[in-house]
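Model the placement of chain X on the given structure of chain Y, informed by the hints.
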Amino acid sequence: MIFLSDFSVIKPEPGLIFWTTLIFLLFWFLMSKFAFKPIASALKKREMDIQEALDQAKQAREEMANLHAENEKLLAAAREERAMMLKEAKEAGEKFKAEMADKANTEYKRKVESAIQDIENQKQAALVDLKNQAGQMAIEIAEKLLQKDLGNNPDQIAFAKSMADQIKLN
Amino acid sequence: MYFCSRFEKAFSNEDRMAFRKLWIILILSSLCTWVSAQHEAAAPQPDATEAHAEHATEAHEAGEAGSHAQHEADGPCGRSVHVEEEFNAGDNAVHHITDANAIHIVGDLYFNLPCILYAPKHGFKFTTTAAFEAKHHGIGEVAQDRYVLIHGNVMRATDESGFPMGTVTVDDYTTRDSIVNGKDKTLYYAVVGGQCYPLESKTTWDGGIMGGGITSYYDFSITRNVFTMLFTGLLLFFLFRAAAVAATRNTGQAPRGLQNFLEPFVTFIRDEVAKPSIGPKYEKYMPYLLSAFFFILGLNLIGQVPFFPGSGNVTGNISVTFTLAILTFLISTFSAKRHFWEHTLWMPGVPALLKIFILTPIEVLGIFLKPFTLLLRLFANITAGHIVVLSFVSLIFIFGNAGQSVGGSVAGAASIPLTLFMMTLELLVAFLQAFIFVMLSATYIGSAIEEPHHH
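Chains Y and X, in that order, are what the protein sequence lines are. Counting in this note's numbering, the first sequence runs from 1 upward without gaps. Counting in this note's numbering, the second sequence runs from 1001 upward without gaps.
To be clear, the hints were calculated from the coordinates, so they are not data collected in a lab. Here a beta-carbon is modelled for each residue, glycine too, at the ideal position from N, C-alpha and C. Fair warning: there could be bad hints in the mix.
As the list claims (entries may be wrong) - Covered stretches of chain X, going by a simulated chain Y footprint (3 or more residues, C-beta under 8 Å):
1) 1093 to 1107
2) 1218 to 1229
3) 1322 to 1334
Said to hold, decoys possible - Derived DSS-like pairs: lysine-lysine, alpha-carbon spacing no greater than 30 Å straight-line:
4) X:Lys1337 to Y:Lys33
5) X:Lys1281 to Y:Lys44
6) Y:Lys37 to X:Lys1281
7) X:Lys1337 to X:Lys1370
Okay, chain Y solo, but in the shape it has when bound (with noise of 0.2 Å):
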């Protein structure tokens, strides 16, 4: 079988040029009026949707980088204050504590001198009563080993009253 070996491939047919052109032309036209056309705007209104979501993102973050720094800020504050009250508070600790300490010291000091000075009174006292009692002691003592003699003697008396004076007991 032979085959038409024509290269007619190469040679510009004006019935192929009509067509192709004709064809084309309509397929531009509607083309771009039926496809390209919402296609593009629908990738401009996705790209704007897009760039305005970056956009938001971008100025949220920004928000959120100030609310930190904000929040840094009343953090660093506060705890600036809890220091101050924290030394304060020890402070007036301390100053309690050593008034406390003050107080207490003189509260000794005055309990422990009266405590001396109760001692000193009730030695006193004690002191007095034992000299009345040795005097009486040593009156009966002496009425007893001068019975006859000392019944009545005032002068006896007398002398016996100052010997026991004399006896300090330390």
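Quick look at chain X alone, frame taken from chain Y:
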């Protein structure tokens, strides 16, 4: 070879790729010639009884013997088109890449298409290829108003031949190689009642350079290429329409499916082609660039499909690439600004003599060369791709004929990976050439509307 390599350097990578393909074609065709020459030498001498078959149709009946009897079977008007000839890879490839009036599907099955024929002396003729009543190989059995169908292609008996008008039964068609005006040409004849009537092809606008010229009729039929363009155009339109509907309906949602598949192409053309090449006014030219890109890409890809409705070599036809290139030329020329014309016709800062004799002629020539390279590049790349694929497929038949043995089948099997490789490469070329076409179109438009730079 040195000259060839120098010549190659002057072209871009894509052009070089086309050149390499042409080299492959040359090597392949020389191989084919060698193989058939071997076969010819080995073939036995034609048998005298077979050689003297009176009618070509009988030679056809003889089947195998037909090829041996070809020279002796030639009648006064040459060989019958029914003669079973030896397989010729070149003819086969050319037949498959050319346009046709009916689409060959398989065997004797043809897809009939409308015919719109115009003979200036006889007016319009509207019919379909079915009216020619083709039974075998798309060869019509009847003529309609001097129009006939051979291998699915319409031809016409010349007005001078006096071929009868109306429906006429044609006995046979014959062909003869001849030299017309110093050019090799295959002449066709219709045989009716023992008389030969010369046939001619449709009018072409090559001015006789490519062996065509103005004949007695014009063919405005819906040919295989026109059908493929319509089919591809509609397919693309429906795909993009679906994507556009999805895009308008699903606003505020991430794209899915078809829309998600097609949108990146659109954004690619916008961001990688239109914006950098044209500049801020790119939006106006986007529909053209997108249409051209998808039209070319769709046709390139459809052309790769080896069965109906594919395989049409549309973007490998110079009429199609010519039309597209002309549109780019018109758009860029008509949107050209003063700055462009100033720099083209009267380049500032160059001596007047230099302008008149060198610069302006070159620049003006350049205006026309740009669309010319555009149309030639696409045409050459796609046609070369088709030819290489067809040549590899042809290897099966060549070796099958030559060897008719195990060797032949081995060579046939080897051609499968080769074809697969070429088709993969052609897939890349399909995208690449569509991209290059719009890229260069955008560059030409960009240079035409460029605003003067103030330094």
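Any hints from earlier that this structure breaks? Give me their numbers in increasing order, please.
Every hint satisfied by this model.
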